[in-house]
Amino acid sequence: MTALDAVSIGAEEAMVTGLIGPNGAGKTTLFNVITGLQAPSGGRVLFDDDDVTGLSVHRRAQLGLARTFQRLELFGSMTVRENVQTAAEICELWSRQETPARTRTEEILDRVGLRAVADTAAHTLPTGLARLTELGRALATSPRLLLLDEPGSGLDSAESEEFAALLADLASEGAAILLVEHDMDLVMQACAQIHVLDFGVHIASGAPDQIRSDAEVRRAYLGEPVEA
Amino acid sequence: MVFPAGTSSEPRTRITLGEFIGLTIAGLALGAIYAIAASGLVVTYTTSRVFNLAHGAIGMVMAFVYWQLRVEQHWNAPLALFVALLLVAPAIGLIIEATLIRRLNPNDTGMALVVTLAVMVALMGIAFTLWPQTKGRLLPVFFGPNAHLSVAGQLITYEELISIALAVATAVGLRLFFFNTRIGIAMRGVVDDRQLMSMNGRSPAMLSALSWAIGAALGGLAGILTASTYQLDIINLTLLVLNSFAAAMLGRLRNLILTFVGAIVLGLLDAYVVGYLKLTGWLVHLRPVLPTLFLFVVLIALPAVHLRSGTAVISRAIRIPAGARSLGNGAALVVLAIVVAPFLHGTVLGNVNAGVALGIGALSIVLLCGYGGYVSLAQYAFFGFGAWLFSEVGHGGNPVGLLVAAAAGAVLGAIVALPALRLRGLELALSTLAFGQLAYYMFFLQPEVMGRSDLAIPRLHLPGISLESGDRNLIFLSIVFALASAGVLALRRSRFGRILVASKDSQVAVATLGLNLRLSKILLFALATALATFGGALYGSTQRLVTADNFQYVSSLFIVLIVYVYGVSTPGAALAGGLSLAIAPLLAVHIPVRFQAVTYFMTGFGAFVLLGRPTGIIPAVSEWLHDRLPRRVMGHTGGPPPVVVPREPSRPTVEVSRAAASDA
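Those sequence lines, one after another, are chains Z and R. The first sequence begins at 338 in this note's numbering and counts up one residue at a time. The second sequence begins at 625 in this note's numbering and counts up one residue at a time.
Warning: the hint list may mix true and false statements.
[What the hints assert, rightly or not] To spell it out: a stretch of chain Z is covered by chain R in this simulated footprint if at least three of its residues, at any positions, have a beta carbon under 8 angstroms from a beta carbon of chain R; those stretches are: (1) 368–376; (2) 394–407; (3) 411–424.
Honestly, the hints are just simulated from the structure, not real lab data. Ideal placement from N, C-alpha and C gives every residue a C-beta, glycine not left out.
I would like the entire structure built from these sequences, with the hints used as guidance.
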């Protein structure tokens, strides 16, 4: 079965790029291919114009790729703080960090808004906070490309707005962010550019307003019949 | 192929066609038995996603049940086979599935391995009790002693032909079942998507139970065929699981056709090696390890597995004592040893000494399994290697010998880890079991090592301090254990410790954070194996005389189980485990001969504790005490207590958001 067919998607630095599409569109598969968890049968993954297709998962991370997971991959037996700290410590193994891991951990906890639950065991967190913990962990590696797989699920509307602001803030610092999300409000609010996938095929790209009015997108994603 | 030295000078016997045919049929017959066993293993694994380490043990029990009915009760063969294979075996499979397997999280490979290992050991204990190995048992051949064919001057027994015919029948039957029956198709569906199946109204639990019933029946059939061709031996029949695992690995435990191919290759390999090679000298024990060698070749040839997301295990946090606390506990242990040592004498003192030494080696299990999440079933091989090295290097008990043992252990561990890097937890565990078996036959049993006579090992001699008396040695070992366990805890509190535990919780996550899992795995294996060989050297020095029997590969199963029972993430469990194993034989003196399999019962049935208390006895007791005793007494240290609220992964929330998205 082909999960992705001739999909070509880019994410520019200092910008939030959205990736939307119905369930089974191949969004998570694309993330897996980009991060090296799945090998593509063809095609290439370029990062800063360098071909990283043959590199291992950890080598790509060391180049500045980080991600969160739709199906959570938390360090369940650790606290939220330890989750972020361990990520910062892993990062210390492969890159020179001027600030000690502990200090960076505290900064990230504040930034992502996890201070209140810092000492809570990660496996007891509600989904929204668990996803933020994964984000905090990814940030601990100071990524240049951040892949977020449905980070908004589990957030209420106020949290969702804060989250969009956080994304804008991160992008303004120069990171490229690729956001997979079902919460259309969040996508429209946070993204400057949006790509749409349907059954592994790239069907549209454009600014939020263009996507909103694209007939093909409405048919594939919102289930509306295409008017003849 | 390796030929034993000296064959070149002898005239080679001409290989006749008849011989070749005879050997080929014998090989096919053995391969047929492996194929039946291995296909049972694959059916169970693919449907329930739990690898049945007890597969061979079920086959073994069924062979004895059949013997009981056929020989002791004088039933006729068809009736005995019907009852054994179609009633008792499926019932055993169903009971194991319903009481144990259903409660496991298939993603938690470690726990699944430990629980099925416990079933295996418990079944062995039951077999040793019901059918003591003091008398030989034989199964009658199926159609009488004169039932055989003659092809090109070679005798071909009906047993061999029956095995081959049954393997063909199994292959055809499984194919028809999986492709032509609704329930078989549903079982294949479970493999692809469990959730989807349950939404379609098929209960994955029911299909999983069915797969265990089928698996047990096939295991039973293979067991009975093995026993009627070879012999009724509890350990050899149980290890049928290793042989069938080797065959099934060719199809990566999923592909039945490749599994059959692997089984036939194995069977032929056995027949030709036995028929054409002179197995003398150090090759004398080659035959039982052939499947292991085959397994290693397959494991090296297979492509490495990819990391898979969505397999994170939610493990519970346990309290890690702070540095001062762990040193305090160690000091208490040493004081206890000083107080108790003068009251212990003779065998008891000797066994307690051995237990503490084993405890030091068992700390490697805490590192490897508790912190790293890798189940290793070869620890006794490392103990034996350490003991042997100390006898070679530690002349006059020179402590440098201990360091050499540890350093060599680190190198050995790194080498063992190399192929292990490519493997998943399950494959790794089984290949360590295979490694333990290989080490036993090809190393410890060699006359130059400890196969022919007792190996004398000097008692450790520290400058100015004599450890010749047992009580002094006990105090010394307690000090070493206290320091080593404080070291293990310090490592757990370090950056490396956090990275280990993080890797155990989610390999995918640490890799996407930039961790080179290979390096950390090699480092962990090197450290743990160094600790194991170091402990083994102390064990040897404590025992003074050892034989290959001291390092039986089955013992590796006991020690891993017992450490899990006490709490695999707790260094204290290593000591408790080592002492329990060393002291169990002393109890055996006081109980009827029939119930001598104390160790099997203690470790096998003991491990079922884990279903209720996954963190083990020691953490459970310490939590209990912590809740009941005043804070002052417990000296609460180290961070706030972990919040332990068992929760399911929060998938429903994701579903809700999807629904919301499609409404948008």
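Here's how the hints hold up against the structure:
no.	hint	result
1	368–376	holds (count 5)
2	394–407	holds (count 9)
3	411–424	holds (count 11)
In summary, this structure violates none of the numbered hints.
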